[in-house]
Amino acid sequence: MNEERIPLSVLAPGEVGVVRQLAGGRGFMSRLAALGFTLGVEVTMVQNFGRGPLIVLVRDTRVALGRGEAAKVLVGRTTNG
Amino acid sequence: MDNDQIQDSKSKIQSPKSKIRNQITVALAGQPNVGKSTVFNLLTGLSQHVGNWPGKTIEQKTGTYNYNGTKVRIVDLPGTYSLTANSLEERIARDYIIKERPDVVVAIVDAAALERNLYLVAELLSLPAPVVLGLNMMDVAEQQGMHIEPHVLEAALGLPVVPMVATKNQGVRELVEAVDRVSQCEGTYAPSRPEIREDHRMVLAELQRLIAGAVPAPYPEDWVALKLLEGDEEITSMIKERLDEACWQEMHAILMQHEDAILAVAGGRYEWIGRMIRAAVARPRVGQITLTERLDRWATHPFWGLLILLGMLGLIFWLTYTIGAPLQELLDTYLVQAGAEWVRSALNGAPAWLVGFLADGVIGGAGMVITFLPILVIFFTALGLLEDVGYMARAAYVMDRFMHLMGLHGKSFLPLFLGFGCNVPAVMGARVVEGERARLLTILVAPLVPCTARMAVVAVLAPVFFGPYAALVAGGLVGLSLVMLAIIGIALHELVLGGEHVAFIMELPLYHLPNARTICLSVWQRLVAFLKKAGSIILVVSVVVWALSVLPGGEIESSYLAAIGRLLGPLGALMGLGWQMMVALLTSFVAKENTIATLGVLYSTGEEGARLAEALSGVLTPAAALAFLAVQMLFIPCVATVATVRQETASWRWTAFSVALLLVVSFAVGIAIYQGAMLVGWGV
Chain Y
137 MNEERIPLSV
147 LAPGEVGVVR
157 QLAGGRGFMS
167 RLAALGFTLG
177 VEVTMVQNFG
187 RGPLIVLVRD
197 TRVALGRGEA
207 AKVLVGRTTN
217 G
Chain Z
40 MDNDQIQDSK
50 SKIQSPKSKI
60 RNQITVALAG
70 QPNVGKSTVF
80 NLLTGLSQHV
90 GNWPGKTIEQ
100 KTGTYNYNGT
110 KVRIVDLPGT
120 YSLTANSLEE
130 RIARDYIIKE
140 RPDVVVAIVD
150 AAALERNLYL
160 VAELLSLPAP
170 VVLGLNMMDV
180 AEQQGMHIEP
190 HVLEAALGLP
200 VVPMVATKNQ
210 GVRELVEAVD
220 RVSQCEGTYA
230 PSRPEIREDH
240 RMVLAELQRL
250 IAGAVPAPYP
260 EDWVALKLLE
270 GDEEITSMIK
280 ERLDEACWQE
290 MHAILMQHED
300 AILAVAGGRY
310 EWIGRMIRAA
320 VARPRVGQIT
330 LTERLDRWAT
340 HPFWGLLILL
350 GMLGLIFWLT
360 YTIGAPLQEL
370 LDTYLVQAGA
380 EWVRSALNGA
390 PAWLVGFLAD
400 GVIGGAGMVI
410 TFLPILVIFF
420 TALGLLEDVG
430 YMARAAYVMD
440 RFMHLMGLHG
450 KSFLPLFLGF
460 GCNVPAVMGA
470 RVVEGERARL
480 LTILVAPLVP
490 CTARMAVVAV
500 LAPVFFGPYA
510 ALVAGGLVGL
520 SLVMLAIIGI
530 ALHELVLGGE
540 HVAFIMELPL
550 YHLPNARTIC
560 LSVWQRLVAF
570 LKKAGSIILV
580 VSVVVWALSV
590 LPGGEIESSY
600 LAAIGRLLGP
610 LGALMGLGWQ
620 MMVALLTSFV
630 AKENTIATLG
640 VLYSTGEEGA
650 RLAEALSGVL
660 TPAAALAFLA
670 VQMLFIPCVA
680 TVATVRQETA
690 SWRWTAFSVA
700 LLLVVSFAVG
710 IAIYQGAMLV
720 GWGV
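Taken in order, these protein sequences are the chains called Y and Z.
Reminder that position 62 of the first sequence reads as 198 in our numbering, one-by-one numbering, no gaps.
Reminder that position 363 of the second sequence reads as 402 in our numbering, one-by-one numbering, no gaps.
For the record, the hints were derived by calculation from the structure and aren't laboratory data.
The reader is advised that the hints may include incorrect statements.
Covered stretches of chain Z (chain Y as the covering partner; in silico rule of three or more C-beta atoms under 8 Å from a C-beta of chain Y) [claimed, not checked]:
no.: 1; segment: 114-125
no.: 2; segment: 294-303
no.: 3; segment: 386-392
Heads up, simulated SDA-like pairs for lysine to any residue below, C-alpha to C-alpha not over 20 Å straight-line [to be verified]:
no.: 4; chain 1: Z; residue 1: K279; chain 2: Z; residue 2: D134
no.: 5; chain 1: Y; residue 1: K208; chain 2: Z; residue 2: K279
no.: 6; chain 1: Z; residue 1: K279; chain 2: Y; residue 2: G163
no.: 7; chain 1: Y; residue 1: K208; chain 2: Z; residue 2: G306
Even glycine gets a Cβ: it sits at the ideal position worked out from N, Cα and C.
With the hints as constraints, model all of the structure from the sequences given.
Shown next as structure tokens:
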């Protein structure tokens, strides 16, 4: 079991990542934290068409994020092998 | 719940501790989309007062109910996810609790998203006011297979927890009772409070030591230390002012070292929340595909989502034209014109100026307000419905990539689109936009959306000058308006509002059935706001413009208004326009349709299209006509819109800015078109 660290924006729909870092300013971190994005929390990608905004599920809440915002959320994706 | 019902239970509850209190204040807090306004409406009914928070563009709702002989005043705080100074809403909510010290804070949470919802509660607990928790949407949680035990949660949190289904009027009475109990037992309030993660405890203690004695009166010291660590800008600058230089430097160094401390604070809160709900949520959600997920596959799809959005907008406009427009005409014929006729016949023999003042000035202005109502009702109902169902966030999601180019939030799209019908609901609809800057920007660009009344003027004048190309010109003018909207949007965003990137982070709430009461109340409140505030301004302005158009001699040609038009002559000349055209623009301030009527009077042709067309084509070149139409599209909106801008921004300064901006832009474009045409020798 290895963990690779990738931007949330590259997760495909259905994939799950664990938040490892929020790479933004304090305001950005604070807004995301209030919606449930904290270190160690699981995020499921719900909709991602490769461009434009995307939708994730975090702590039972569906959250829409701009692609730029999602790129600043670094998640660990667990892969086998 | 009816107030009577609350009164009924009066005799059954006899609290031994009951004190004589005449009035208590309760603040209603909660995250967005938790049914907070439904609870507020149930508690207060029609006793609501809607205004703005002092000096802010954010709506403030207050109301009262009576219980056990106590008058309970409820203040509805803005819906916020947390209490850090990320937004104006959050600042208002926390300032209210800290500075106004309500007797009780009622926190409404969504049982189906309990974990995230308790985050706000975790923040509320570090403030001095006692909290009562309203655990709303219990039915939704059950539907999703969750089972929550309120009494276990109550024991864990150490504060009253009331299970509720506000849409079915369940639990409101219990909530009222809990508020009453808590407000009477001062000093016994000792809830469980979240703690910061262990690795940051030392830092927090260090900060507490540094700020000791420097925190101004109503702020709790522990809370201030926590907010400093979270990187809260408002609190940081407040403390910076009060610390001596050495102390501040030391603190600043600590804060810089722990820039991501917010994650430790938030992490601590979520760990605490985890402990609270582990016991209380007896059965977690089962992994089923919910209705929301199924609907969102379509509603948020980049292609189908757009199509659905367009379909809905089409429906709204269809309703407006099939129901709203005929109603508007009926009102105009049977109420306004009949009223004016009645005044004329009743005052037969009275001085002409009095008859004119009442029939043309007063009834004309009041009639204008009244004929707005059908369209406003339709638009406000549509807005309220889409918002209540949860669709608004999807529309915002689908449109966000386009709106972001202008620094606007996706949520600005819907109100702006309604502007094609009428600018008034567009400006008022900006209330759904989160963030003060984004809301202000939406209000400022809304008048650039070409409304039906402007298009009506184009529909009359374009064929006169451009014959078979009229439709093309009309389309071009709409395009011009939208391009100007985009340019001004970008410019305002960059220059005036600081150009900060609007991060797109938005909750997509669960869809739910609309609540008729909530929607009706929101339509009612918006109508009342329009009638009360905008109505009086509209009336005054239309009377003033009427007076200017008949004084001193009774004829518009020799009136003060004509004098002003002549004064503007040189400006008009730059666009190839005579003073009559400038007067027509001025009267369009009362209502856009006035343009045609004024031109009819000034060119002495009456209102018949054919004769007016003939007269106009004699005095205007195609280049000047195009310039006039362009100015007309971009000119100051009608007085109803300006009055609404004033009401929604709560600022004469921004209202004046909006008017000045549109004056400059419209004339600049008009001059550019005319001079450009002269340069290339077209249409002269």
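Query raised in the report: Can you name, in rising order, the numbers of the hints this structure does not satisfy?
Result: Result: hints 3 and 5 break, sorted rising.
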